[in-house]
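**Q** Chains as they are written, first to last, in my numbering: chain A, 4 to 373; chain B, 4 to 373; chain C, 4 to 373; chain D, 4 to 373.
Think of the hints as simulated: they come from the structure by calculation, not from any bench.
A few of these clues could be false.
[Unchecked claim] Here are a few chain A residues that face chain C, going by a calculated C-beta distance under 8 angstroms:
{"no.": "1", "residue": "THR82"}
{"no.": "2", "residue": "GLU150"}
{"no.": "3", "residue": "ALA188"}
{"no.": "4", "residue": "SER358"}
{"no.": "5", "residue": "ASP361"}
[What the hints assert, rightly or not] In silico SDA-like pairs for lysine to any residue, Cα to Cα no more than 20 angstroms straight-line:
{"no.": "6", "chain 1": "B", "residue 1": "LYS372", "chain 2": "C", "residue 2": "LYS202"}
{"no.": "7", "chain 1": "B", "residue 1": "LYS149", "chain 2": "D", "residue 2": "ASP365"}
{"no.": "8", "chain 1": "A", "residue 1": "LYS102", "chain 2": "B", "residue 2": "HIS269"}
The structure displayed is predicted, hence computed values, not measured ones.
Each residue gets a CB set at the ideal place from its N, CA and C atoms; glycine is no exception.
There are 4 protein chains.
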Amino acid sequence: MAGSTFGTLFKITTWGESHGSALGVVIDGCPAGLPLCESDIQEFLDRRKPGQSRFTTPRKESDQVEILSGIFEGRTTGTPISMMVRNQNQISRDYGNIKDCYRPGHADYCFDAKYGLRDYRGGGRSSGRETIGRVAAGAVASLLLKEMGIQVCAYTKAIGNIIIPESEYHMDEIPNNKLYMPNTAYAEQAEKYLQTCIKNQDSAGGIIECTVTGMPSGIGEPVFEKLDANLGKALFSIGAVKGVEIGDGFAAALANGSSNNDSFCHTENGIAKMTNHSGGILGGMSDGSTIILRAAIKPTPSISREQHTVNTSGEDVDISIHGRHDPVIVPRAVVVVEAMTALTLIDMLMINMSSRVDYLRDFYDTHNKK
Amino acid sequence: MAGSTFGTLFKITTWGESHGSALGVVIDGCPAGLPLCESDIQEFLDRRKPGQSRFTTPRKESDQVEILSGIFEGRTTGTPISMMVRNQNQISRDYGNIKDCYRPGHADYCFDAKYGLRDYRGGGRSSGRETIGRVAAGAVASLLLKEMGIQVCAYTKAIGNIIIPESEYHMDEIPNNKLYMPNTAYAEQAEKYLQTCIKNQDSAGGIIECTVTGMPSGIGEPVFEKLDANLGKALFSIGAVKGVEIGDGFAAALANGSSNNDSFCHTENGIAKMTNHSGGILGGMSDGSTIILRAAIKPTPSISREQHTVNTSGEDVDISIHGRHDPVIVPRAVVVVEAMTALTLIDMLMINMSSRVDYLRDFYDTHNKK
Amino acid sequence: MAGSTFGTLFKITTWGESHGSALGVVIDGCPAGLPLCESDIQEFLDRRKPGQSRFTTPRKESDQVEILSGIFEGRTTGTPISMMVRNQNQISRDYGNIKDCYRPGHADYCFDAKYGLRDYRGGGRSSGRETIGRVAAGAVASLLLKEMGIQVCAYTKAIGNIIIPESEYHMDEIPNNKLYMPNTAYAEQAEKYLQTCIKNQDSAGGIIECTVTGMPSGIGEPVFEKLDANLGKALFSIGAVKGVEIGDGFAAALANGSSNNDSFCHTENGIAKMTNHSGGILGGMSDGSTIILRAAIKPTPSISREQHTVNTSGEDVDISIHGRHDPVIVPRAVVVVEAMTALTLIDMLMINMSSRVDYLRDFYDTHNKK
Amino acid sequence: MAGSTFGTLFKITTWGESHGSALGVVIDGCPAGLPLCESDIQEFLDRRKPGQSRFTTPRKESDQVEILSGIFEGRTTGTPISMMVRNQNQISRDYGNIKDCYRPGHADYCFDAKYGLRDYRGGGRSSGRETIGRVAAGAVASLLLKEMGIQVCAYTKAIGNIIIPESEYHMDEIPNNKLYMPNTAYAEQAEKYLQTCIKNQDSAGGIIECTVTGMPSGIGEPVFEKLDANLGKALFSIGAVKGVEIGDGFAAALANGSSNNDSFCHTENGIAKMTNHSGGILGGMSDGSTIILRAAIKPTPSISREQHTVNTSGEDVDISIHGRHDPVIVPRAVVVVEAMTALTLIDMLMINMSSRVDYLRDFYDTHNKK
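Looking at chain A on its own, in the form it has when it is part of the complex (with noise of 0.2 angstroms):
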């Protein structure tokens, strides 16, 4: 189990290296009848892609997906969907001295542990490429899910000590800063601490937070398939998270009874909560609230200032990494935390319309008669 598959009802399978000839996903198991085509795909690609601004990699991909399978006649077909990426700018010289030594903070060392063998060039399967997969059946997720008129929305919370405090929020002006943070001012003053990063030859972390809006009520598990449990498996599988928060998080950890229950009340629509501490789950299901996540990334790893570190005999030796990296990742890593987000819902969705004889029921006396 190499782990390369996500899922149990909508189950998607990535493949591809950094610097091989293609990556790409397999989607089995997405609903038949769902319009679709590349376009629809290529506009979640476009927000991962580098070269968008100076605090992402200079390196230009294209990164154009095609659709190889499972669409007719513009709608999907009930059968895998199959999509690729080519690479083109692969430039595997920049890479070739890090061939023998572990890069600090990277998975090189692992990879040697596990498997006696790596591909080396840009990360190979450990690169942040390896997320385009993600992305492509991402915007699938997202397109069935707004179907039910569920919309996620993820953008960067902080990076490194600019924090964006949740009064702050001006939503609108996530796209007109190219680190996709919610108020125009605080962006600047990231971007004027990302200049000082690299400058100091050095990169920086951030927070990433994700919204979920229109979500029913009673979706997730209970025990292990808890819908917060599979959040939380679904962010932590993306490379840089050190840490993931469902609602008041950590701050939960100093809170109060009293402080932290949220309240039900009577509303118009139905039952309600008063406040929303638990971020949207409760008892692993949602709880008809706006569900609320937030992922701690790591500074990106890759840095080009002297670091010490041993080489593949365990020689002591010290190195500069010089390549096409970018000095932070949260900005292209939001929209695949949105994409892993989407994934798990629609997964929990699907697995959830079986949770009640009379649903079986209604279903077959509707539906596939005999």
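Given chain A, put chains B, C and D in place with the hints provided.
**A** The following block gives chains B, C and D in isolation, referenced to the frame of chain A:
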């Protein structure tokens, strides 16, 4: 998929409600030949048993485990190990008053939204008693890990804002206080804080930390089945967890690459890391350092203070939850965190065994001969 | 993966050995709201109970089931249903003589090869008693199918070479004979044949046929999760099954396309097939006709006649297996075939519910509202 | 779950339609270090290629495979191996006449019942071309098995009623005839029979047999993941298979225990069986003897003779299917049977590696050291 199964090769399925006849677990895939008896399990269960101090519920439950299958002449046979704990001290009337209303911070509302009915007695399946099966199975996983020299150790890092800094850890003091804190002085402070909470008819949260020593490197599968992704899921699947960190966690978001990267170095035992910001995991695989995890636990939602909510008819009501509830869940959840960590590790250790062709060839040259 | 779990959404895990404390099953993923009590289960278990005729083992086992979880006020709650049958009549000394030798036709040798040890008492986990959990779970699956108007019916088509041709089936006669044959005259012939086998210290095999009526069309997933593939796996997972057929089965290999193809036709109830060589499945999906399955059951391997074998030290020995064994397994396996068929169907019916975007949209417009 | 994924640790996902852009497969979980290049795969694909004789479709398809990921410097890296074959010779107009009607014996009707739409060109996903992905993956599985001295060999046992008895097998003659039969004389008879079928605008079925030699004992997991259960599923997942047998198969139903049981005996190479009625599997585990499987293949449903059916509006129509169809599927399915068998075996061999505590301890004493 009610989601009560965890693991791929070492697979557990838990069952049981707070006030049903019994609770239990089936372990499927336990390797044959492990010496195992009921007292091995009981030792772990006793650590989560209620009634141990004034900060845990005064309910008296003996929680005696019975092993029903999978053991022959004192050893595991490779067949499913079924374990059961009979419920003995349920006082259903304690909970009668919550039958028709949705307790804030609890899963009552979500259960009704999903299933259309719920076992309201003591929270049913969403009760903390659900963890009995996890802990019983975790005991077996821990014994297996021990055979390979791997030790999992969880403890209370914080209760409310009483947070023990790493520099003041005294691991030998953990068993000396009812809160499982690695510093007796902090534990005394925390006890005082909890007394205040009780007086205020309120509850508290906290942070559990867990370390794994002796872990081989290269364990975990890149991409979706990363070691940290599965540990994250494991911890978020525990009822009250709202945040999870690996290594530096959210602090990594504030750091720079130069400070956050751990340099590799040459030691007499081979390659090692000079620091451990990564928390023992790089690229989703163990890196040979100590694994460090933290889980944020929310305050117990059941408090005797009056709270506003709605009943199942959608009418506004006020409730006080009188019953036998822990003012803080943290100390009893310590062994649950340890169990979930052990269960995740043993599964991934088993999966890793077929990562190289050489391993398969060597294995079948030696074992299961024709 | 000791492999004791079956199903994806409707998932069962069985446990228990022939001579252990108990045997049982956990059903995870049963939809909420199904009326269920112990007598519903007992009815199915009684059909596999030993001691019903001279052709089944004279062991007296009451095999009373206890439901331990998942039911509240007479209905399933959507949480795991744990069911257990205590072992009561084990006479371990019966089996003492086979402790050190490998019985021909049994799994003893393979268990030792795999696990290095085995619970030799009564065959341990490879005993026919292992099917108790399957039958208990199959009872629940059958009740669910009944809610949707689907009926599963298995019976004995052949004992040895006493084979009932389809033209002589009288379904109403099935309960009138101990062999569950749909023709009393053939049943009498079969009984005579079995008496001869007993007299010869020998055993017999046979064929079980199973039909499913009321099945909606389009159930099953193309490619690997075909309905027939999963039914095939389900039946081959039963201990003594050596062959499985769908529809015309091996006879189809002799036929021509013109005779084997079933023409579609227009009927007042919609589209139907004029013949049913396919056995109700085309392209891995149900086609709206009656599903027809057959399983070949090998003769009981335990016979009292002297057989040659080796002991665990590899020495040649002769053994006679004295004990209380069925001269034919077929009649007791009928309900097991029915159970495995029902378990497969309910799982695939649940999986099918998310096959179209329209279904998801309609479902969430109606249920689990925000 | 469109069901296009097979396997637990060695997991494959196939994709692609008959007349789409391409077809392919992703292998996830292939152990690292296996020498592999495109010609290794091509060799297997060429065995299922059409146009090899007058009994296979005259379509010319080069079916050249491209490996897109997972290989570095000629060896597998442990990451997903993505393989693709571009479609080149699709003549969609051939199939235009079946757009609106349900071909007898085909999955057209079921696809519409399930998904509400279908890619009617060449059968879409239910085309025999779907097996390209299986065969490409099976080539890798076969190479892995070879590393352990395990050989899988499939051949045609029967075409229609031309059935070769085991006593007349000449394995060296298999490659000498286009039908892959182990007896040239029978192959000639079969060719004559097929010519008659073609003349009659009809088609034929047959039986494929598969043997596995060199298999270690104890492989397979008792209860639901029995080796025979998984092999049964694997074979039934192939489009035209209507029956599967292990060892004596349906003949065992006619036998007695005394004749059907295989005696164990002592040999210089250890314990062995004196006969092999079991077909190499006892209690769901390999017993060290040759594994023997048989699959019944139905006649090609596409025939040019006029057939009655209905169109998508439910009206009665007559159709003749003119196109380029095999009069018999059997010879091209031989390599598919071999592929599915190899895929099942490698997965279960990998799963078996953690069956004993000793194995884990030894493995981690030797590999993946801290």
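**Q** The structure should be examined with respect to each hint, and the outcome stated for every one.
**A** Hint check:
| no. | hint | in the structure |
| --- | --- | --- |
| 1 | THR82 | 7 angstroms, holds |
| 2 | GLU150 | 5 angstroms, holds |
| 3 | ALA188 | 34 angstroms, violated |
| 4 | SER358 | 6 angstroms, holds |
| 5 | ASP361 | 6 angstroms, holds |
| 6 | LYS372/B / LYS202/C | 40 angstroms, violated |
| 7 | LYS149/B / ASP365/D | 13 angstroms, holds |
| 8 | LYS102/A / HIS269/B | 18 angstroms, holds |
This entry does not satisfy hints 3 and 6, going by the numbered hints stated previously.
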